[in-house]
Amino acid sequence: MRWRQVAAVLLLALGGAAMLPLQGRLAREAQAAHFRKTSLDIDLRERIGQAGFLAALSGFRSPLAALLWIEAHAAWENTEWGRMAGLFDTVTTLQPRSLTYWDMASWHMAWNAAIAALQNEKQPSEALRIKAQREYFDLGRDFLERGIKNNPDRYQLYLQLAVLLRDKFEDHCAAALAFEKAALFPDAPAYAARFAGYELAKCPGHERDAYEKLRALWFQGENQRLPSLINLLRDMENRLDIPAAERIDSAPALPQTR
Amino acid sequence: MRLVGVVWAIGRNTLTELVRQKVFYFLLIFALLVIGNSAFIAKLSFQEQFQMLKDISLGAMSVFGSLLAILATANFLPKDMEDRTIYTILAKPVPRFCYLLGKLCGVLALLAIAILLMSGLFLAVLWLRESTVLAETREQFVSASPEDLALAVKEVTASTFNLNLLPGILVIFIKSALLASLTLFISTFATSSIFTILMAVALYFIGHLQATAREYWLSGVDVEWWSRLLAAMVSLLFPDLQAFNLTDDIIAGTAVPLKLFLGTAALGGLYIAIYFALAALVFSGREL
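The listed protein sequences derive, respectively, from chains A and B. Just so we're aligned: the first sequence equals residues 780 to 1037 in our numbering. Just so we're aligned: the second sequence equals residues 107 to 394 in our numbering.
Here chain A stands alone, though its shape is the one from the complex (with noise of 0.2 angstroms):
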């Protein structure tokens, strides 16, 4: 009988001195991937509770959130807006990687919170509205932002966040590099570098970049010369007075392609 308590420690100990590397090798080229980035914290303990945590520690984040999400969809259709800013906090903390959830958290806050805030009957008061809707621009942007540092290779986020610095905050200067840092990667629309210059062309003091960036677009080709970027191009040749030879009416026609 000793002998084999003596080879089962010696498999022990030489499995584990085996396993050990692999398993160091394994953890970190799993960083490297994008995996296992959740970090399961005490902040995080506090607002999932115990058994919330245990689950999650235990490979069931992904479900966790799915289910906190839906807590969060009963709280929207309840217009209960501070419990779904707590809930998506919880949902994003859980699945860091999932862009949908870093996406709908922003519109959410951004777009729906934001518009009920301005439009609450019970804050008589306009300016207190007016704070409490840029509050939620605030937390808006603030999920785009930290969604993009838990992902900074995809693009999906920096175009949403370009939107929102556009349409919400009306920051045209922002919101062309955000456009512009989306059109980087190889797989974004071919509509981002186009609104990156729609965007710098409205930015003070950078009309001149935004003119030579767009016409670098349009000789791109066909398929980046919509009616909106010609016209857009015509109105800045009139405004920087390029000379007529310089126009893009003057450019020699493209070759046809099929």
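Just so you know, these hints were derived from the structure itself, not from any lab. Here a beta-carbon is modelled for each residue, glycine too, at the ideal position from N, C-alpha and C. Treat the hints with caution; some may be incorrect.
[Said to hold, decoys possible] So the derived label-pair ranges between C-beta atoms look like this:
#, chain 1, residue 1, chain 2, residue 2, range
1, A, Ile1009, B, Ala256, 20 to 26 angstroms
2, B, Leu336, A, Gln902, 57 to 63 angstroms
3, B, Phe132, A, Cys952, 53 to 59 angstroms
4, B, Lys128, A, Ile894, 51 to 57 angstroms
5, B, Ala371, A, Ile1027, 52 to 58 angstroms
6, A, Ala811, B, Phe132, 33 to 39 angstroms
7, B, Lys198, A, Arg807, 48 to 54 angstroms
8, B, Ser151, A, Ala811, 30 to 36 angstroms
9, A, Pro931, B, Ala371, 44 to 50 angstroms
10, B, Ile141, A, Glu914, 39 to 45 angstroms
11, B, Arg126, A, Ala786, 32 to 38 angstroms
12, B, Ala137, A, Ala786, 43 to 49 angstroms
[Claimed, not checked] Simulated pairs of lysine to aspartate or glutamate, EDC-like, Cα-Cα distance not exceeding 16 angstroms:
#, chain 1, residue 1, chain 2, residue 2
13, B, Lys149, A, Glu850
14, B, Lys365, A, Glu808
15, A, Lys981, A, Asp950
16, A, Lys960, A, Asp1014
17, B, Lys260, A, Asp966
18, B, Lys185, B, Glu123
19, A, Lys816, B, Glu321
20, B, Lys149, A, Glu856
Since the structure of chain A is already known, use the hints to place chain B on it.
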């Protein structure tokens, strides 16, 4: 070759026995969960719908796979002793490790079938929901340009099935197989199936935490030799189950590099082999 035949016969009988115990009835619960969830989430946006469906379905697959692995494996040794079938088998020229290997193969076959059936059901529901959403999208874009329609369709299909789900499902199987092997090891020295189940469930939870503990022990510059030895013992005694939790991030759209998938599969294979060797070692000296 004779031993392969022995293992095959025991494995087949184990599978038949487990199927006769109506273990596949759990699929009804899985089906209810997936289809019920799918009906409930119909009012959400399509991105949310597909995300929820994948979250709940793959999470349920992982739970059912793990439970099935623990419960099916914990039961067979005490049951064979109670029915006295083990004595009949071992009275023949059947080495004890072949008996264990046959039993483990039977449980692994059951797990493979169960996970295949669950995957089939999940993919069918996913496909059905995708078809519904696509039909709705086509209706909404009836007056739009073909380019806009193609873009919308692409967005819908990108949110549903992606090839990364397949390695995710395979990893669920590997994790269940590891748990079966670990439970088999516990059952070789346990005195009852309740003890085996409790131990396996406890190890399941510990296994999910061991990576955090290992990281803590091995962080820093001057790590003592005994810390390394302790970490090595812990990393084997308690399997690193976090290493098999790839599905959470796969659902979120993260692509699995082939190297990472193969490394995870190799780690699973190593654990299964070591736990099985330990089980065979302990079982060879057990008084029956």
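Given hint Glu808 (chain A) paired with Lys365 (chain B) - CA-CA distance at most 16 angstroms: holds (8 angstroms)
Pairwise beta carbon distance, Ala371 (chain B) to Ile1027 (chain A), judged against the given window 52 to 58 angstroms: holds (57 angstroms)
Cβ separation of Ala811 (chain A) and Phe132 (chain B), checked against the hinted range 33 to 39 angstroms: About 37 angstroms separates the Cβ atoms of Ala811 (chain A) and Phe132 (chain B), which means 33 to 39 angstroms holds.
Cβ separation of Ser151 (chain B) and Ala811 (chain A), checked against the hinted range 30 to 36 angstroms: Distance hint for Ser151 (chain B), Ala811 (chain A) holds at roughly 32 angstroms.
Holds or violated: Lys260 (chain B) to Asp966 (chain A), with C-alpha atoms at most 16 angstroms apart: holds (13 angstroms)
Range hint compliance [Cβ, Lys128 (chain B) to Ile894 (chain A), 51 to 57 angstroms]: holds (54 angstroms)
Pairwise beta carbon distance, Ala137 (chain B) to Ala786 (chain A), judged against the given window 43 to 49 angstroms: Once the Cβ atoms are compared, 46 angstroms apart, the range 43 to 49 angstroms for Ala786 (chain A) and Ala137 (chain B) holds.
CB-CB spacing for Ala786 (chain A) and Arg126 (chain B) relative to the 32 to 38 angstroms hint: The hinted range 32 to 38 angstroms holds for Arg126 (chain B) and Ala786 (chain A), with Cβ atoms some 37 angstroms apart.
Hinted pair Lys960 (chain A) and Asp1014 (chain A), Cα distance within 16 angstroms: Roughly 26 angstroms separates the two Cα atoms, so the pair is violated.
Status of the given 44 to 50 angstroms range, CB of Ala371 (chain B) versus CB of Pro931 (chain A): Given about 28 angstroms between the Cβ atoms, the range is violated.
Cβ separation of Lys198 (chain B) and Arg807 (chain A), checked against the hinted range 48 to 54 angstroms: Since Lys198 (chain B) and Arg807 (chain A) have Cβ atoms about 49 angstroms apart, the given range 48 to 54 angstroms holds.
Pair hint Lys149 (chain B) and Glu856 (chain A), alpha-carbon separation not exceeding 16 angstroms: holds (12 angstroms)
When the structure is compared with the earlier hints, violations turn up for hints 9, 16 and for no others.
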